[in-house]
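Participant: With the hints as a guide, dock the two chains, each given alone in a separate frame, to form the complex.
Read top to bottom, the protein sequences are chains F and S.
Every letter in the first sequence is one number past the one before it in this note's numbering, and letter 284, counting from 1, is 291.
Every letter in the second sequence is one number past the one before it in this note's numbering, and letter 331, counting from 1, is 390.
Derived from the structure by calculation, the hints contain no laboratory data.
Heads up, the beta-carbon is just placed ideally off N, CA and C, and yes, glycines get one too.
Hints should not be assumed to be uniformly reliable.
Taking beta-carbon pairs under 8 Å as the criterion, some of the chain S residues facing chain F (in silico) [stated by the list, open to error]:
#	residue
1	Ile310
2	Val385
3	Val545
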Amino acid sequence: MSDGTADKNRSGGMAFWAVGAILLVVMPLLNILPPEDSWFHLSDFSLNRFGKFLAFGILALGLDLIWGYTGILSLGQGVFFGLGAYCMGMHLMLTIGKESVYGTEMPDFMVWNQVKELPLFWKPFYSFPVAVIGSILVPMAFALVFGFFAFRSRIKGVYFAIITQALALVAWLVFNRNDTNLGGTNGLTDFKQVIGYRLSEPSTQLVLYIITVLCLGASYLFCQWIIRSRAGRVLVAVRDSEKRVVFSGYTPANYKLFVFVVAAALAGLAGMLYAPQVGIITPAQIGVLPSLEMVIWVAVGGRASLAGAVLGAVSVNYGRSVLTNYFPELWPFILGGLFVLVVLLFPDGLIGMMRKAKSLLSRSKPDGGKPVVPAEKAAVLEGKR
Amino acid sequence: MMISLGRTVAALSLALFLFSGHSWSIAAEGAITAPPISSIEQALGQVASEDESVRSAAIRLLIEQGDVSLVPRLEEMRANASRSIRQAIKPLMDLLKNRAKLASPDSDVRRSAATDLGSSGNPSVIPWLDAARVNESNKWVRYTMEESVTLLKLASDDPSIIAAAAEKLGELGSQNGVPVLKQLVAAGAVAEATEQQKTVAMAAAAAIVRIESWGAWSNAIETLFRGISLSSILLIMSLGLAIVFGLMGVINMAHGELMMVGAYATFVTQQFFTAWFPSDMFDWYFPVALPVAFLAAAGSGFLLEATVIRFLYGRPLETMLATWGVSLVLMQAARVYFGDLTAVVAPGPLRGGMQVLVGVYLPYNRIFIIALSIICVLGIYFALFKSNLGLRVRAVTQNRNMSACLGIPTRKVDSYTFAFGSGLAGIAGWALTMVGNVDPGLGQNYIVDAFMVVVTGGVGKLAGTIVASLGIGGLNKLIEPSFGAVYGKVFILVMVILFLQWRPSGLFAMKGRNAD
Chain F
8 MSDGTADKNR SGGMAFWAVG AILLVVMPLL NILPPEDSWF HLSDFSLNRF GKFLAFGILA
68 LGLDLIWGYT GILSLGQGVF FGLGAYCMGM HLMLTIGKES VYGTEMPDFM VWNQVKELPL
128 FWKPFYSFPV AVIGSILVPM AFALVFGFFA FRSRIKGVYF AIITQALALV AWLVFNRNDT
188 NLGGTNGLTD FKQVIGYRLS EPSTQLVLYI ITVLCLGASY LFCQWIIRSR AGRVLVAVRD
248 SEKRVVFSGY TPANYKLFVF VVAAALAGLA GMLYAPQVGI ITPAQIGVLP SLEMVIWVAV
308 GGRASLAGAV LGAVSVNYGR SVLTNYFPEL WPFILGGLFV LVVLLFPDGL IGMMRKAKSL
368 LSRSKPDGGK PVVPAEKAAV LEGKR
Chain S
60 MMISLGRTVA ALSLALFLFS GHSWSIAAEG AITAPPISSI EQALGQVASE DESVRSAAIR
120 LLIEQGDVSL VPRLEEMRAN ASRSIRQAIK PLMDLLKNRA KLASPDSDVR RSAATDLGSS
180 GNPSVIPWLD AARVNESNKW VRYTMEESVT LLKLASDDPS IIAAAAEKLG ELGSQNGVPV
240 LKQLVAAGAV AEATEQQKTV AMAAAAAIVR IESWGAWSNA IETLFRGISL SSILLIMSLG
300 LAIVFGLMGV INMAHGELMM VGAYATFVTQ QFFTAWFPSD MFDWYFPVAL PVAFLAAAGS
360 GFLLEATVIR FLYGRPLETM LATWGVSLVL MQAARVYFGD LTAVVAPGPL RGGMQVLVGV
420 YLPYNRIFII ALSIICVLGI YFALFKSNLG LRVRAVTQNR NMSACLGIPT RKVDSYTFAF
480 GSGLAGIAGW ALTMVGNVDP GLGQNYIVDA FMVVVTGGVG KLAGTIVASL GIGGLNKLIE
540 PSFGAVYGKV FILVMVILFL QWRPSGLFAM KGRNAD
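Next up, chain S with everything else stripped away, as it sits in the complex (with noise of 0.2 Å):
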């Protein structure tokens, strides 16, 4: 491998070497008198010539002995140059520009600089791609580097180095090399085919599918990874639910509109915040938008519990309906208020994402949310089995009127409960902000799949709930790819009312005498 390569390294600097040699010869007879002047000057002065082997000499030369610096002269010639000389002199400027890249302090920058090259088929920069991978310390950047050089090695004439480079492409699991690969394998089958190119078109055939099965690995940890981060959405949104459910066996059907007022609070939070603190403070709305949230939709959840559920106790049907009217007043004012243009820009650590393994991409706000429900599920568990409150929450679930009757006051531990399950909406928006737009239909998209959570998971035990949003959320994600998000819907419609002919009360339901 390493010997190909210096082979290869030898043989085009020889060539670049006679090339040079040729147009510094073809400029000698001209210029004679002339005072000597650099070969990178004197090929400047020849990239804009009409004679077209003079000028790739030139461009050669260019390549090999330039850098960026030549970009603003090249600028400048492309203005008053003809067609095909523009058209020859632009990707004389896209690899110098993506050359001077590789030096960049981002390493994104680096590594699309190395994708670009990489795809330039242009196997003179072979040595920049080397060069630039001995001293980069990111190793994706790396990967991309080496991935590029072995695709520009794809267009050598050695079959061994061609044969080598696929056989390293498939080490890579590098998607971007199928193309290619594919073109090999085809020009391997055609009946004229030589020998060489057969065995190349092996290599190449069994590259192909090493990638391939690489790719359907990547694909399902992608598509799992898709899915814990969807059912963390949903988890959120339909923990406080749930536990309002289990304590008032009541459905607020405006939850999601809480989740909208938590999504707006932390727009408001950003706009105050662009609007009175200095730009390099602007990152910290985000934690400070956290707790304006959970109490500005607690608020509303008080407000909406003191004026609306409270006189509708032991209704829970009309409950239903008069917590969708709040709900469509909530939407309907927002839109008014806000209009529909409102986004809220990720903080700067949750921009981005990393990359595990190659092919699988793990974006910062998805992991941000799985990381926030975790929390949540805690921060609850807590709530719930350590305080007070929580205690006195479990007590009222269980028996209503034991507990009166014990002297809890159960009107008051309803209308917590429900201010605090309303909080937890408020989070959820403003987690939501992260992965969507900020918009009076926020609350729509997840809610029926909120609902569903509930009425699989039971009421009474968080585990429902949990297991509940894993299986809707997992599922979800893992028929979108075959059968789209549409039939996914229809598919767990059915499955959540085949699951409850098994279990008509949910997953965990409690225990009881109770004929229902």
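Chain F with its partners taken away, still in its complex shape (with noise of 0.2 Å):
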């Protein structure tokens, strides 16, 4: 390894620590301490909108494991997504008892529905510990199978695409459904408490602000890890020649395994984090079109950059909310201009235009010519050529 690779990696970390410290204390103390009026003030709604953001962040941080790192395309991670976000939806749901608008200790939907009894696979969900485990493990053990299948017959690159895309608009199409007991079009909604908390309350939602921050942390430092140990290599070399990696003596497939169980875990983390925060999880978070424009998150803040993940996520997102305010029919021209613009002109997205800024800058330096794009990036021209 270059001593230029080392010395950016120190300075990555101090920026994770940086970028940690003001989503962690500066930002909640902004809404906490100066008054209302204050223009430093950042509403709760604000802070609430931020920690989707956030909780996006993670499931982007997987699919840049697979898509970025690795070269799999996948577009079923809403399906994961939803997964997750439905296990916790579901001990939501459940807690909510009494207080739900027909007075009964079942869901709404189900009186609705005439379902005289709590089907068998939502029982498990009135405790907590399995929510929060199954929303991690049904995601993973559901890409374990679908993967197995799929990386086992070799499916890859535009198949595999395929495959998954048409994974989410099936899963769409059985959760739409009213037979299958998870709410069909109308999701799961108007969840009152968590763990014995409320979450109308500020502080709650404060504190899953605060959890999504440190669960965000700790997926980046677990994807740096992966990328760093000898399996991380393993996969970047599946990206760049899988031939040359079954020649090596490694079996890809497991690889690939690994990775979509992982990206998928991450995946079920964002979707559990985001029910409480957000309220409300339905079939139209997961279908093909959620699906893809988390790929175009992950495009949009960088490939193989696990902080441009993030930062994709958090921007995109961003974008969305601010311009469907404003101007609602513009939003797919934009969204749709994007897909074609980042991946004609930026393929490095937002932190390749960062680096390219940061590399014009230094060129007065004596040392400039530094190679813009990461050494796995250059890896891959080589053997493109």
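Facilitator: Here it is in structure tokens:
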């Protein structure tokens, strides 16, 4: 490893702690300390919204692992996100108890649908730990089965993308049905409390926000650890030339399955944090289009860069939330344009642009000739040639 | 059979004669000095009578002798009659109207009139139907008339007539007869049923079995037809997609929106015809729209290739994302420009359908799409294997570098092929206007299925696409009746994944020395 990379890692480490401190300390303080009418005050709404974006950031980390580093385009991440969110949502639904509109122990939509008895698969979700663990394990188990069959038969590239897109479509259809007892089109909503704390209280939301930041930080470090490990190098090698990996005596399918399952776990975790903060989870969040939007987060932020993935998730969602407010008709144009522009003109996303700007600034320095692209990226270009 | 029919008719006319005589005698008592008026006029006078027996006798007479010309007068009487009388006159008017409709030049009208008469439960209309049946030219109208007559005979008092009618219904495979037959079976099953009722019930039960087994057959035929029709739609869509995928390794996610372009081109052509051409030329918009749709979609595809895809050569996943972005833009553009309320009216010859067997009805638009897909396959086969461009396309598909060395302008081939594939999407859109609304989401409804077809079929061989679309379309419609459309899709996804375990690169993968 060259000195330059080590140097970059150190500055990356500093940036990580700096951003962590802002997210974890400064933002909550801005929410609590300044008076409501102060310019510095961060409203409860903004903080809550930001927490949602950070939850998406966790999902983007997983997607970056599988797409950015391993080169597998999964268009079905929304499904794993949905599984996680529904697991948590089911628990939150059950804790509503008699506060529901109909005042029964059963969730409201089951009363509408005249379901007499709670379905068996709902029962374990009375327990909070089961919901938390389930919302990570269920997507993992699902990804394990799906990925096993997909990677075993060497489905890859475009084929894998299409199959996962079909998975997203099918999952959307299934979650939309009333007879699956998952709330149909309306999804799960009207949550009241989580382990005894009222969700309508700003303090609960603040704690949820802090938990999200901590989870994001832990996920980031986890992903970084994977990438820097031996396995991480194999993943990048799979992206760059799977054939050579096979000939070197590795079994790419196992590594792919591993990263697919990890990505699913992170998506599930994101979903688990999303449900109580947003207060609703519907099939509209898990279909074909949302799953594709997740890919564009990573593309906008910068592929093969963990910070880029989080940055992309936050900035695209922030842009969406602002723009759909003012120009709802325009958003699909912008989103579609982003897809085309990023892919055509900025393949390295925001992070790539930032690096480019940095290198332009430091060109005057004698060692300004450092490669703009990271080492692994340069290897790709080498391999293509 | 004929004898019993004759007997019924005779009995009925006798009864009617007696009734009419009866009413005549009542009228005669009151109006000796009045000038003689026809029995119809008299019955018309009595229809509004408060006395129920008088009224029903008058109605019977009017059914026997009246015709549609009485309807306006009856209408007038209804307007200022009491509720019970209005209720009594209404069926009479319906019967008379339907009788007139039996002579309509439109076979559908004749048929629905026969059906209505059959469900009226009034045996006195049997002679009308019998008379009309003799002169009827359309086979299926004749069938309906016979069915109606038989249904009406079930209301007879004579058990032998009923049993014969039940048997006849079984022979006809009449679904309309099942409820009545079930009643007969139920009547024969109770403890105090007479011997005759039991005989009738046995005949009815046998008829039900026969009808239901025929119903299963006709259902199977219709399911098969729907499957083939869906397969044809998938096939037309997937052909363009598969050719481009085979050639350039690119999946065009905007393919569905190119279809949408074709559909909107058809819509615009239709609007143009309604605005500028006389209405008797309206039907011509449809053939005119074919080249319009093809060119509009091919042009859009050409632009898409030149501005986006060209720069992403060798990066299939990025191409997918970029074309998806284009599809979002196109969809939203259509939504903003056209709105959601656009429909194409099918041209005259494609409306309606034809009946091939009892209970088996094939709509013309579906038949048209099946035929179109066959024509498309033949056309593509010709273009790929007999034309100069086709030769080059196949060469580049097999080995791009070698073809380039031999002087084939590979980029030009890409560009033309992409435009051609997009044009095929336009044709698919043109055809889809016949089976559904034109809306911005048009492409999205089928596109994932079309991708699955391409994945399952493999690249480089037309046969793969054809077999895969037949398989996926057929499975879809086969599963739908028993498990519903959603679980059908789940099942198909599972099947495709399992299939890829066995054949990872599709049905007819090209053989080569490739480590992948």
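Participant: Under the criterion of a CB-CB separation shorter than 8 Å, is S:Val545 in contact with chain F as hinted?
Facilitator: holds, 5 Å
Participant: With a cut-off of 8 Å on the beta carbons, see whether S:Ile310 makes it to chain F.
Facilitator: holds, 5 Å
Participant: Measuring from the C-beta of S:Val385 to each C-beta in chain F, is the shortest one below 8 Å?
Facilitator: holds, 6 Å
No hint from the list above goes unmet by this structure.
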